[in-house]
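Undergrad: Below, each chain spelled out in residue letters.
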Amino acid sequence: MTAIGDIADGLTLRGWAIDPDAGREGPAEIVVTDGRLERVTWLDGADADGVGPDGTLIVPGLVDLHAHFREPGNEDAETVASGQAAAAHGGFTSVAVMPNTTPAIDEPGVAALVRAAAAASGSPVRVLVHGAVTAGRKGETLAPLGELADAGVAGFSDDGASVHRGAILGNALAYAGALGLPVIDHPEDPSLTDGAEASEGYVATVLGLKAWPVAAESGAVARAIDVLAGVVRDVPGARLHLTHVSTAASLAHVRGAKAAGLPVTCDVTPHHVALADEWIAGSRRWAWEAVADDGSPRDPWTDGALTADPFDPALRVNPPLRPASDAAACLEALVDGAADAIGTDHAPHTEVDKHVEFGWASNGISGIETALSTILAAVDAGRLPLARAVEAFTVGPARVLGERQGVRPGLREGEPADLVVVDRGATWTVTPASLRSRGKNSPLLGRELRGVVRLTLAGGRVAYEDAAS
Amino acid sequence: MTTATASVPAVDAPPETQPVAWRHRHLLDVDGLGPAELELVMGTTDAMREVLARPIPKVPALRGTNVTILFYEASTRTRVSFEVAAKNLSCDVVNIAASASSVSKGESLVDTVRTIEALGAHMLVMRHGVSGAPYLAAEVFGGSVLNGGDGWHAHPSQALLDLYTLRSRLPGGSLEGRKVVILGDVLHSRVARSNVWSLTAMGADLWLCGPSTLLRGFDAWAARGAAGRRFTATSDPDEALRDADVVMALRIQRERMASGLLPSLREYAARYGLTQERLRRAKPDVVIMHPGPMNEGVEIAPDVAVDPRSVITDQVTNGVAVRMALLYLLAGARQRAGGGG
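So the sequences go chain by chain: A and B. Take 1 as the starting number for the first sequence in my numbering and just add one per residue. Take 1001 as the starting number for the second sequence in my numbering and just add one per residue.
Hints should not be assumed to be uniformly reliable.
Listed next, the stretches of chain B that the computed footprint assigns to chain A, with coverage defined by at least 3 CB atoms under 8 Å from CB atoms of chain A [as the list claims (entries may be wrong)]:
id, segment
1, 1126 to 1135
2, 1152 to 1158
3, 1219 to 1228
4, 1296 to 1310
Derived Cβ-Cβ restraints for the label pairs, each shown as a range [claimed, not checked]:
id, chain 1, residue 1, chain 2, residue 2, range
5, A, G304, B, R1077, 29 to 37 Å
6, B, G1129, A, R24, 51 to 59 Å
7, B, D1285, A, D303, 55 to 63 Å
8, A, D336, B, D1243, 49 to 57 Å
9, B, R1280, A, D336, 54 to 62 Å
10, B, V1080, A, A308, 52 to 60 Å
11, B, R1169, A, D293, 42 to 50 Å
12, A, D293, B, H1024, 48 to 56 Å
13, A, R24, B, H1024, 57 to 65 Å
14, B, V1316, A, D226, 51 to 59 Å
15, B, A1074, A, A308, 29 to 37 Å
To be clear, the hints were calculated from the coordinates, so they are not data collected in a lab. Yeah, the Cβ is synthetic: ideal placement off N, Cα and C, and Gly gets one too.
Please put together the full structure from these sequences, using the hints given.
TA: This is how it looks when you write it as structure tokens:
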């Protein structure tokens, strides 16, 4: 029996391996010795008998470019250590945390505090830190971006809010661009979302929830892209990453910007891909099951799809869950690469903040442990190629974060073992006890999911090992 | 399907002894009620009307049942109506106005509901400004929760008293094919939303009408129907009122101007106010309704409110009978399920 943090040694792993860095996929045997991938042997012929993509899966450790570990300031909801444990349970070995802590990570001392907590936890899960764009995340004046860059931050974000003043956003893109770092924008026009509860559309209308317009996101996306277009002419290194993009309209803007050659990337969350707004009404079918043949959302009231009680506050999230047609657009973006990455937007909350009236509940879903199973459900349904899912969980986010962070997902001989072993055929039930996160605010509580993480190795060390394996 | 001809219950007797086909422990919305269940509520309300007509309008049916009325929003008619209804059934009633309780000290709804249960409540009638709040209460409360209005979402007892009032007014007692118009601030109205479910379930030709800012989204809902039941949404009051059998005006709140949804009350009154002139488009014997409280001279002209065709005071009277029926049916379902009390 090994313990968390032990050097992985003497392991022979056999299964369906995917190395998105090398573009290779197939039956493989991987020998781990003294923390390193001593040998990666791609099997064929009789050696590969019984090894298929639906059995044991071996992929590089997953990378999350967007999570909230709540430390410092809200350790009741999550700590760096509990966040690392949750990440490892979800198959993630590198996690970039957002700076909307208390105080915000808007100066190097707070970043150092988060790093120190990560080092002290004993978990080998690598914690990267995003710095705030503006002082105190107030959107008014720039945070010390250069000092934060010297302290090793992975990017800059005021996540939880957009950088809603266009001039500040432009300055941040230019300044961060010269430092070689991306600005990660949470696109939201606050003038359209005051008091908003659910995405505009049929479900919000029927349930009497205040509508959250699509334009609140797509308008902010369009503006951020247009601001970038001006900046990048003067500062070629400027990079914009749009996080938790959730609508077809936003993705259309992103596609246009990419076609125009602008340095824009984006991520989508597992919940915006797999859950539709009809879940708030009590539906529990996957979003791709809620789309009619013509692409429009089906009617859960007519379908008899409302199997749970409505208004589960665990479903309150920013941006809100969208109609199934938008979820389908997010899935399509994963399939064709318009979305570069899956970001979990893991947002743990306490009962006090979450087990309250729907409209008063804090925004967010504790999702880093269910992300892989949720996306694998789309793979199981034939909606997403397995290799694309793995790319969007590994090399996709690693490219956004940049080489300088040292996150290079792959299965390369001689390098430290950084991988996850997943039993795709096995199932697990999401319960408060099964979640390592302190945040039990998952709308999937009680649900059985396919895809069990058996082993997570990070940087050559054991980050998670399933007791049953 | 349960029988739609449920005989009028002998409401003097304890409810669990009645062979009624009511299976709901809570009443949180009307979207799940089918025609047979609506008929059962109507039939039970008839029996309660009979009780109310007695010299002493009180029966011992729910003696020993503790009802707590928890209102987070100001209300006169709904709160008092529930209180009178509960007392007519011999319940013991506790009233909690949220501003006068621990709620104003920051106590959560979940803790408040647990406290109310610990104090012995069997039934909880609640009003809350946030859509869906009664579902949270029902999740933690061991007894029955009756939604007295939540946010913009639902107001089941109002929809049921509207239905009862209409059936007693319309010739033949049927809404089948009758043109019913709900006029006003549909967007923010839990009354309108609940009536969409109950009136369409009974076959009414329902029209929702209001300024386009206060009708956002309802076109899309109308196009899909309510679980297959169609209605019409329009911002044209003349089209809506043409040959209407029933028109219900909704209250306009002043904060709609501040949030930029309407230019002015004056403009609203001129374009959508229910006046005698506008009513001439409707059938001569049109039934006039309003859930109250009214802004006379804004959404309804004073002479329309007191017109002989107005049933606004009937709505209030019937409200007591309907709420008696609901308390009675819920108590029966709870007790048959072994809920005690």
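Undergrad: Using the C-beta atoms of B:R1169 and A:D293, is the stated range 42 to 50 Å upheld?
TA: holds (45 Å)
Undergrad: Could you say whether the range 29 to 37 Å given as a hint is met by the Cβ separation of A:G304 and B:R1077?
TA: holds (36 Å)
Undergrad: Do B:A1074 and A:A308 keep their Cβ atoms within the hinted range of 29 to 37 Å?
TA: At roughly 32 Å between Cβ atoms, A:A308 and B:A1074 fall inside 29 to 37 Å, so the hint holds.
Undergrad: Examine the segment 1219 to 1228 of chain B for residues whose CB is less than 8 Å from any CB of chain A, and state whether their number is three or more.
TA: As far as the segment 1219 to 1228 of chain B goes, the hint holds, because 7 residues have Cβ atoms under 8 Å from chain A.
Undergrad: Taking a Cβ-to-Cβ distance below 8 Å as contact, does the segment 1152 to 1158 of chain B have at least three residues touching chain A?
TA: holds (count 3)
Undergrad: Checking C-beta pairs, does the segment 1296 to 1310 of chain B have three or more residues closer than 8 Å to chain A?
TA: Violated - the segment 1296 to 1310 of chain B has 0 residues with a Cβ nearer than 8 Å to chain A, which falls short of three.
Undergrad: Given the range 54 to 62 Å, decide if the beta-carbon distance of B:R1280 to A:D336 lies inside it.
TA: For A:D336 against B:R1280, whose Cβ atoms are near 59 Å apart, the range 54 to 62 Å holds.
Undergrad: Do at least three Cβ atoms from the segment 1126 to 1135 of chain B come closer than 8 Å to Cβ atoms of chain A?
TA: holds (count 6)
Undergrad: Go ahead and decide if the range 57 to 65 Å is satisfied by the Cβ distance of A:R24 to B:H1024.
TA: holds (58 Å)
Undergrad: Measuring from beta carbon to beta carbon, are A:D336 and B:D1243 in 49 to 57 Å?
TA: Once the Cβ atoms are compared, 53 Å apart, the range 49 to 57 Å for B:D1243 and A:D336 holds.
Undergrad: Regarding A:D293 and B:H1024, is the given constraint of 48 to 56 Å on their beta-carbon distance met?
TA: With Cβ atoms ~35 Å apart, the hint is violated.
Undergrad: Taking the beta carbons of B:V1316 and A:D226, is their distance inside 51 to 59 Å?
TA: holds (57 Å)
Of the numbered hints stated above, those contradicted by the structure are hints 4, 7, 10, 12, listed in ascending order.
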